Amino acid sequence: MSTTATTETEPETTSLADLLQRVEALEAERSKQIKKKNKLTIIAWGGNLDQIWPTTILATTAAASGMESSVFFTFWGLFAIVKPEVRITGDNWMQKMMSVMNPGSAQKAKLSRYHFGGAGPAMFKKLARDHQVATPDELIALANDLGVRLIPCQMTMDLLGLKRDDLIDGLEEPIGAATALAEMRDAAVSLFISRRRRSASRPALAERGC
Amino acid sequence: MDVITRTVDAKGQSCPGPLVALARALKDARTGDLFELLATDPGSRSDVPSWAEISGNELLEAEVLDDDSFRYVIRKVA
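Quick mapping for you: the protein sequence lines, in order, are chains A and B. Note that my numbering gives residue 84 to position 78 of the first sequence, counting from 1, and the numbers run on in steps of one. Note that my numbering gives residue 100 to position 22 of the second sequence, counting from 1, and the numbers run on in steps of one.
Heads up, a few of these hints could be off.
Only pairs whose alpha carbons sit at most 30 Å apart, straight line, appear in this in silico DSS-like list of lysine-lysine [as the list claims (entries may be wrong)]:
hint	chain 1	residue 1	chain 2	residue 2
1	B	Lys89	A	Lys45
2	B	Lys89	A	Lys169
3	B	Lys89	A	Lys42
4	B	Lys154	B	Lys89
5	A	Lys131	B	Lys89
6	A	Lys42	B	Lys105
7	A	Lys89	A	Lys38
8	B	Lys154	A	Lys45
9	A	Lys89	A	Lys114
10	A	Lys132	A	Lys114
11	A	Lys116	B	Lys154
12	A	Lys114	B	Lys154
13	B	Lys89	A	Lys132
14	B	Lys154	A	Lys41
15	A	Lys41	B	Lys89
16	A	Lys43	B	Lys105
Because the hints were derived from the structure by calculation, they are not lab data. Just so you know, these numbers come straight off a predicted model, no measurement behind them.
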């Protein structure tokens, strides 16, 4: 009798210990999990009109839908948030050249294709006016208004020689890659808006044997 | 029959205009308030239901009017 009792209780105690261990392991695993928020984070890498436009449309729509919304401006994206009246930025000839090639503000953004020396963007903006679509510079102002967090990248600002004063008002303090990652980490939606890929008709230099 | 608290006329505006106009109107409203959104943007037919789903507000009515414009009734929940 007593032997049966021990054999019955023994596996029970071990399974309880086993269960506790499993619960602990699960809890440890769960604490490592990331809780995603109803949030959109966009890395605005491309500063062309056809990149900054969808970036600002999505960011404002997210905010209007009650989502948290943040845009991290880096590389060419930074030129879209330069003040329109700021002409040449940077301290050395390389940075200055870069700013001449990428006129600041969303108003002056180029099209990544069919630019036609500015005729493309002008056409686009005419179409936008006719269809009552807000332009990127209007959308940036709207984003600001709706509480979209507009955050410039410190490293690329330094690289391109952009000062805080060169950039439009209403931006958050510049941040680095780790903070940008933290922004993306808890966002249910995170996007990287980049330049279009080289078209098939214009193969890359390497492909042409250069 | 509930009374419409406010009409948001976003006729002529394109994406995301109507939604932004609606969100702005809802911002200062009280929970339960009813809003009427008027739009001509055909994209609003899919966008308004999506917006309601994301924002947690309730879309009560969606209809096409005689002039081919759209009318939506939204209850503020969130």
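Hints and how they fare:
As the CA atoms of Lys89/B and Lys45/A are separated by approximately 29 Å, the hinted pair is consistent with the 30 Å bound. About 41 Å separates the Cα atoms of Lys89/B and Lys169/A, which puts this hinted pair outside 30 Å; it is violated. For a cut-off of 30 Å, the pair hint linking Lys89/B to Lys42/A is broken: about 36 Å separates their Cα positions. As the CA atoms of Lys154/B and Lys89/B are separated by approximately 21 Å, the hinted pair is consistent with the 30 Å bound.
Taking the CA atoms of Lys131/A and Lys89/B, the gap is about 20 Å. The hint holds against a cut of 30 Å. Between Lys42/A and Lys105/B, the direct Cα distance comes to roughly 24 Å. Compliance with the 30 Å bound is thereby established for this hinted pair. For the proposed pair Lys89/A and Lys38/A, the alpha carbon gap of about 42 Å is over 30 Å, so the pair is violated. Restraint check for Lys154/B and Lys45/A: satisfied, since their Cα atoms lie roughly 20 Å apart, inside the 30 Å limit.
In summary, the hint linking Lys89/A to Lys114/A is supported, as the alpha carbons are separated by about 10 Å, within the 30 Å threshold. A C-alpha spacing of about 14 Å is found between Lys132/A and Lys114/A, which places the hinted pair at or below 30 Å, so the restraint holds. Only pairs whose Cα atoms come within 30 Å are accepted, and Lys116/A paired with Lys154/B is rejected, the gap being roughly 40 Å. Restraint check for Lys114/A and Lys154/B: the C-alpha separation of about 39 Å exceeds 30 Å, so the hint is violated.
Using a Cα cut-off of 30 Å, the hinted pair Lys89/B and Lys132/A holds, with the two alpha carbons roughly 19 Å apart. The hinted pair formed by Lys154/B and Lys41/A meets the criterion: a straight-line CA distance of about 27 Å does not exceed 30 Å. Restraint check for Lys41/A and Lys89/B: the C-alpha separation of about 39 Å exceeds 30 Å, so the hint is violated. Our distance criterion of 30 Å between C-alpha atoms is met by Lys43/A and Lys105/B, whose separation comes to about 21 Å.
The structure shown violates the earlier hints numbered 2, 3, 7, 11, 12 and 15.
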